[in-house]
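**Q** Let the sequences and hints guide you as you build the complete structure.
Residue numbers (the UniProt record's numbering), protein chains in the order written: chain H, 1 to 326; chain A, 1 to 326.
Think of the hints as simulated: they come from the structure by calculation, not from any bench. The model shown is predicted, which means the values in this text are computed figures rather than measured ones. You may find that some hints are simply not true.
No copy labels: a pair is met if it fits in one copy or bridges any two.
To be verified - Heads up, simulated SDA-like pairs for lysine to any residue below, C-alpha to C-alpha not over 20 angstroms straight-line:
1. K325 - R121
2. K14 - Q165
3. K322 - A64
4. K14 - E161
5. K325 - A269
Protein chains: 2
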Amino acid sequence: MNIDMIRAAAQRLKGHARRTPLLTSPFLDEIAGRQVLVKPECLQHTGSFKFRGGWSAVSALDEATRKAGVIAFSSGNHAQGVALAAAKHGAPAVIVMPADAPKLKIDNTRALGAEVVLYDRAGGESREAVGDAISQERGLTLIRPYDEPQVIAGQGTTGLEIAQQAAELGVNDGDVLVCCGGGGLTSGIALALEADAPAMRVRPVEPEGFDDVTRSLASGEIQSNATQSGSLCDAIITPAPGESTFPLMSRLCGTGLVVSEDEALHAMALAFKRLKIVVEPGGAVALAAALFHGDKIEGDAVVAVCTGGNVDAEVFANTITKFDKH
Amino acid sequence: MNIDMIRAAAQRLKGHARRTPLLTSPFLDEIAGRQVLVKPECLQHTGSFKFRGGWSAVSALDEATRKAGVIAFSSGNHAQGVALAAAKHGAPAVIVMPADAPKLKIDNTRALGAEVVLYDRAGGESREAVGDAISQERGLTLIRPYDEPQVIAGQGTTGLEIAQQAAELGVNDGDVLVCCGGGGLTSGIALALEADAPAMRVRPVEPEGFDDVTRSLASGEIQSNATQSGSLCDAIITPAPGESTFPLMSRLCGTGLVVSEDEALHAMALAFKRLKIVVEPGGAVALAAALFHGDKIEGDAVVAVCTGGNVDAEVFANTITKFDKH
Chain H
1 MNIDMIRAAA
11 QRLKGHARRT
21 PLLTSPFLDE
31 IAGRQVLVKP
41 ECLQHTGSFK
51 FRGGWSAVSA
61 LDEATRKAGV
71 IAFSSGNHAQ
81 GVALAAAKHG
91 APAVIVMPAD
101 APKLKIDNTR
111 ALGAEVVLYD
121 RAGGESREAV
131 GDAISQERGL
141 TLIRPYDEPQ
151 VIAGQGTTGL
161 EIAQQAAELG
171 VNDGDVLVCC
181 GGGGLTSGIA
191 LALEADAPAM
201 RVRPVEPEGF
211 DDVTRSLASG
221 EIQSNATQSG
231 SLCDAIITPA
241 PGESTFPLMS
251 RLCGTGLVVS
261 EDEALHAMAL
271 AFKRLKIVVE
281 PGGAVALAAA
291 LFHGDKIEGD
301 AVVAVCTGGN
311 VDAEVFANTI
321 TKFDKH
Chain A
1 MNIDMIRAAA
11 QRLKGHARRT
21 PLLTSPFLDE
31 IAGRQVLVKP
41 ECLQHTGSFK
51 FRGGWSAVSA
61 LDEATRKAGV
71 IAFSSGNHAQ
81 GVALAAAKHG
91 APAVIVMPAD
101 APKLKIDNTR
111 ALGAEVVLYD
121 RAGGESREAV
131 GDAISQERGL
141 TLIRPYDEPQ
151 VIAGQGTTGL
161 EIAQQAAELG
171 VNDGDVLVCC
181 GGGGLTSGIA
191 LALEADAPAM
201 RVRPVEPEGF
211 DDVTRSLASG
221 EIQSNATQSG
231 SLCDAIITPA
241 PGESTFPLMS
251 RLCGTGLVVS
261 EDEALHAMAL
271 AFKRLKIVVE
281 PGGAVALAAA
291 LFHGDKIEGD
301 AVVAVCTGGN
311 VDAEVFANTI
321 TKFDKH
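**A** As structure tokens, then:
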């Protein structure tokens, strides 16, 4: 895993992934006490950065392998990212999803051209068993959500853009806050910045109670979360940092930051009001850290990556109404 | 008023106004029955395209005039656009607003650095009288919201970007739908496309009951609206097309399109769900026409400009919840 793979992925993504802008607001600067630059990956195709990794992985396959098809396990953003990337390559995609996933996510994944295979999570059926059987039968290639070099390379293209866009605004150093699940995006951006903006430092951000990466970085060993459910920040809840991403984060990242769910929701409401973008709770933890944990951040400017915007209307409506008076 | 003024404005805006991306969604394409390209000016500084015209006008003044200061009449997006543009130039700005304008808009305009002068709309006080007195006393330059060549030139830079960004996606012809109030943005984009994408045609879009531009274009003479209040699409409600903008629209635009308020709200909800952007009701009428009036549109692709995103949390929350099941 190295910077050349990220640059090669950027070439393959060109004209296909969206180059999201870098947004600012004087109102957010005032709250944070420093300049806040927001990278809105919620505006990426399928509403999250996951399309980058999906496209990178699918486009890196040789043609015969790609034609045979790909498979992914996901009930969320990775599913949609891989589904659209595969569809645009004319490659079959099977997405294995829990039968009790929200109907909208199942419908969307199908509408993006993927074949959805449901498994009975509650009944103890293993998604790996279901997926392995289909993969072997059809010769599908598994695309993992983060422990996969070409996926990390695709996510890392976000970092190449941040380095260039921040420099255009005169920002060359400071902390880059990234909403962190398994660490694919975080480690990819860290690698990109090591090459293109070495005075910038990536800091993973997580919700309280699901701070496996922060604890892993602090202890130097992979730590797990006690539970994987019960958070509105579901998009970035993973069991533990990845085997490939953890060494990269250990080498390149600063200490992790942890925000409360209420702070994440407040950041969502401010992104609505001041930036006019739709961010999901898990995608707002980095902005929450930038706004409400400034004492733990270094530099006159801070970059926050808003990683996704796939949030239910009801959650979004309740959140922006609740924080309307702030 | 000509294309050279727009190109000169683009030079002055470079590095200051945001180059908004061009967004797409396969889900919107399916509803529209053709490819839909969305230009999200809600992501512009201050949440609407008005910053372009404000910056263009302020930056076009000679230094002594600019130092003396500028003045604008507005309770909405133009106020904020001019306020921020002036502040970034270090120029004083006076914004004359009705005393009964929403407190948030008054507070925002002040926070952007402008001096807000309130007048008593209900008591019959004339904003022109209030404004004229201040202007003469202090030597301020009035920046009109649309009947002002340098403002039209600034708004027209949106058209230069559309021509280039659509061409990158392989789209060189078809209708370009623009939410239309006084016609500054509409005529500016029309001039830009005449030069850079002559096979594209601008179509103004208005809400039912406030279709002064559509009727004016049809009759060949300036027509007024019967009323100027009572619409959620307040951002684009003006008494009549401008004296400078109407001749440009007459020469360059196709027939107007009219959508219902419910269609505008539905488009807002779909922009939330599929594009992850926040659009105000008046800023969503063009997208509504693209999605729900396809029989009156020509071409395999359509461009819709979402002009602003300054919407109250309550209106937005109610709208996305109402249309959640669609």
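**Q** If a hint holds in the structure, say so; if it does not, say that too.
**A** Here's how the hints hold up against the structure:
In the homo-oligomer, the alpha carbons of K325 and R121 never lie at most 20 angstroms apart, since the shortest distance is 41 angstroms inside one protomer and 26 angstroms across protomers. Taking CA atoms no more than 20 angstroms apart as the test, K14 paired with Q165 passes in both settings, with 16 angstroms inside one copy and 14 angstroms between copies. Taking CA atoms no more than 20 angstroms apart as the test, K322 paired with A64 passes in neither setting, with 52 angstroms inside one copy and 47 angstroms between copies. In this assembly of identical chains, K14 and E161 lie within 20 angstroms of each other by CA distance both inside one copy and across copies; the values are 12 angstroms within and 19 angstroms between.
Proximity of K325 to A269 under the C-alpha cut-off of 20 angstroms is restricted to the intra-copy arrangement: shortest distance 11 angstroms within a copy versus 23 angstroms between copies.
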